[in-house]
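Colleague: Read off the chains here:
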Amino acid sequence: MGKKNLLGLAALVAVLLLIPHLLGNPYYLGVLVWCGIYSLACMGLSLFMGYCGQISLGHAGFFALGAYISGILTTKAGLSPWPALGVALLGNLLVAFAVGVPALRLRGHYLAMATLGFGVIIYVVADGNPFGLTGGPSGFGGIPRLFPKFSLFGLIRSDDERWYYLVWGIVLVFLALLLNMVHSRVGRALRSIHGGEPAAKAMGINSARYKIETFLLSAGLTSLAGSFYAHYMGFVNPPPFGPMLSIHLVTMVVVGGMTNLWGAIAGTALLTILRERFRAFHEIGLLFDGFILILIMLLFEEGLFVGAAKRLRGVVSRRRPAGLPGGASRQTAGEG
Amino acid sequence: MAEKSDGILQVKSLRKNFGGVVALDELSFEVHDGQIKSIIGPNGAGKTTLFNIISGVYPPTSGQVWFLGKNIGNIRAHVAAKMGISRTFQNLQLFANMTVLENVMVGRHCRTKTGFVRSALKLPGAVKEERLTVGAAMELLRFVGLEESAHRGAATLPFGKQRLVEIARALATGPKLLLLDEPASGLNLRETEEVGKLIQTIRDTGKTVIVVEHDMSLVMGISEEVLVLDHGRRIAEGPPRHVQKHPEVLKVYLGEEIPHAQSPEP
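Taken in order, these protein sequences are the chains called A and B.
For the first sequence, our numbering begins at 1 and goes up steadily by one.
For the second sequence, our numbering begins at 1 and goes up steadily by one.
This is chain A alone, in the form it adopts within the complex (with noise of 0.2 Å):
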């Protein structure tokens, strides 16, 4: 990780300090608390997507097994909550790896195709009730806190902020262990599969099992958003499962731009901010959600970040004396 990564981190570690003592109303709180759950799953997503040049529209069937996993067994196996979410991690990586093995052969439209099946046999099994451990359509309550109150010496005043400081905090330190990865020999070699696999083959990389290790890691951050959601919802029940959530995973990717983490976490905030501010209209954001994702594809293919500062950064130098080089090639990944 670069000296500016290193600097986005602390001013991200400023900002995510100072937000609490900003916001008045605990409920905006809440909100960036859905944030931080969101991104953990986005920042797997984009390593998939964006890095290793693969597709999922079946992450929603990892997080609702994230969910449910944790859900049953805190619930209905008395496991307490943080082993239970282990299991859940580990069952999802079970999962992923047997959905992996045969769905990662495929490419494209293929791959797309199978992993949205996978994702809607998930939601199909959660709304059947089977053995009585899912509760069916209407789903089941009564999960319990994944944490004791704590106050640390009365500087966190309610929940919402508990909840705030352990999903960000987990979310800042997976962010900057994957921006380690992602400027290493690992990093490169997903890039390499996303520029051409031939050549990166024939370069000594073992494609088929990098993409592998890749959908599992984004599959495990799934799962611990999953995993966050019924402990913070206290409740699961299918509907936020269905595909339309994969899509909507694969949508806060895109629009933060693919191939950079730190795209990941700002379009799932720009995304999850945006659905709560217009969530009176909750018809309207599946429209949304297309309607977003063929903006971003036609005009701003790195995400609306990168995007739109290299065309403002254009009409810039359009003003200019012409013969200045532009920046770095389009080609070129971002800085993630």
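Some hints could be false.
Now the in silico label distances, taken between C-beta atoms and shown as ranges [stated by the list, open to error]:
#, chain 1, residue 1, chain 2, residue 2, range
1, B, G186, A, G285, 45 to 53 Å
2, B, V79, A, R279, 27 to 35 Å
3, B, V79, A, P148, 48 to 56 Å
4, A, A309, B, G145, 32 to 40 Å
5, A, G24, B, K113, 50 to 58 Å
6, B, V127, A, R209, 41 to 49 Å
7, A, R209, B, D204, 50 to 58 Å
8, A, V316, B, N74, 37 to 45 Å
9, B, T201, A, R209, 32 to 40 Å
10, A, F281, B, V127, 24 to 32 Å
11, B, V21, A, E283, 50 to 58 Å
12, A, A98, B, P124, 30 to 38 Å
13, B, K113, A, V316, 43 to 51 Å
With a straight-line Cα cutoff of 27 Å, these simulated BS3-like cross-link-like pairs (lysine-lysine) come out [what the hints assert, rightly or not]:
#, chain 1, residue 1, chain 2, residue 2
14, A, K4, B, K37
15, B, K122, A, K3
16, B, K122, A, K4
These are computed hints drawn from the structure, not numbers from a lab.
Ideal Cβ positions, reconstructed from N, Cα and C, are used throughout, including at glycine.
Place chain B on chain A using the hints.
Modeller: Same frame as chain A, now just chain B:
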């Protein structure tokens, strides 16, 4: 099996069918350690198919490929690289989403080992390995004369320089055998000459090079041996001078005289 042969690569009765099409037909030949061997032949002669089999892109239908005394017929591409076989591609396959330097650094992949965990934690070993990788890649860029372009996007370079990046990237894997698929196609006269010199320098550092090429002046200028293929079969093999005069080769390249079609004398 490989009795008293100093061949780094032996191809034995190699056959490759694509459906009903026979791309390689019982092809056998040998490449000696430290030589430049060129493979020529008309389009569709099976040259690239041969490269793809040697570098593990797909397995042969039958026959064997021996590399350094091991049968590598069914090897997978990433394993071939690790064993010391590297290649370039006929239509450039640079990673357009990376810089020139990063492209060459990818070539070091099979000689380095930092994984997910060690890179995420940025352990001292990983940091050191990364520094060595940058150093090795820069040295190769100097070798092909591109160190100035190290931080440019690979796709922004002119075509001829992109070819050099591909060669540097292939060298970064530390190959014993280098397969160059039409290294001069799309290059002008001067660039072709430079690539020829570069290939000879690579040979002089102890590597074996197989070149598939259509540019005859390049082939005849640098090769110790030339293998001529047509319809997946060997029609001639030997030193350039020998091959140039071979009647079969002339027939394939210039066309055959058709005895009955001679115009009658008036």
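Colleague: All the hints need checking, so say for each whether the structure fits it.
Modeller: Hint by hint, here is what the structure shows:
no. : hint                        : in the structure
1   : G186/B - G285/A: 45 to 53 Å : holds (50 Å)
2   : V79/B - R279/A: 27 to 35 Å  : violated (54 Å)
3   : V79/B - P148/A: 48 to 56 Å  : holds (52 Å)
4   : A309/A - G145/B: 32 to 40 Å : holds (34 Å)
5   : G24/A - K113/B: 50 to 58 Å  : holds (52 Å)
6   : V127/B - R209/A: 41 to 49 Å : violated (24 Å)
7   : R209/A - D204/B: 50 to 58 Å : violated (36 Å)
8   : V316/A - N74/B: 37 to 45 Å  : violated (57 Å)
9   : T201/B - R209/A: 32 to 40 Å : holds (35 Å)
10  : F281/A - V127/B: 24 to 32 Å : violated (50 Å)
11  : V21/B - E283/A: 50 to 58 Å  : holds (56 Å)
12  : A98/A - P124/B: 30 to 38 Å  : holds (37 Å)
13  : K113/B - V316/A: 43 to 51 Å : holds (45 Å)
14  : K4/A - K37/B                : violated (48 Å)
15  : K122/B - K3/A               : holds (14 Å)
16  : K122/B - K4/A               : holds (16 Å)
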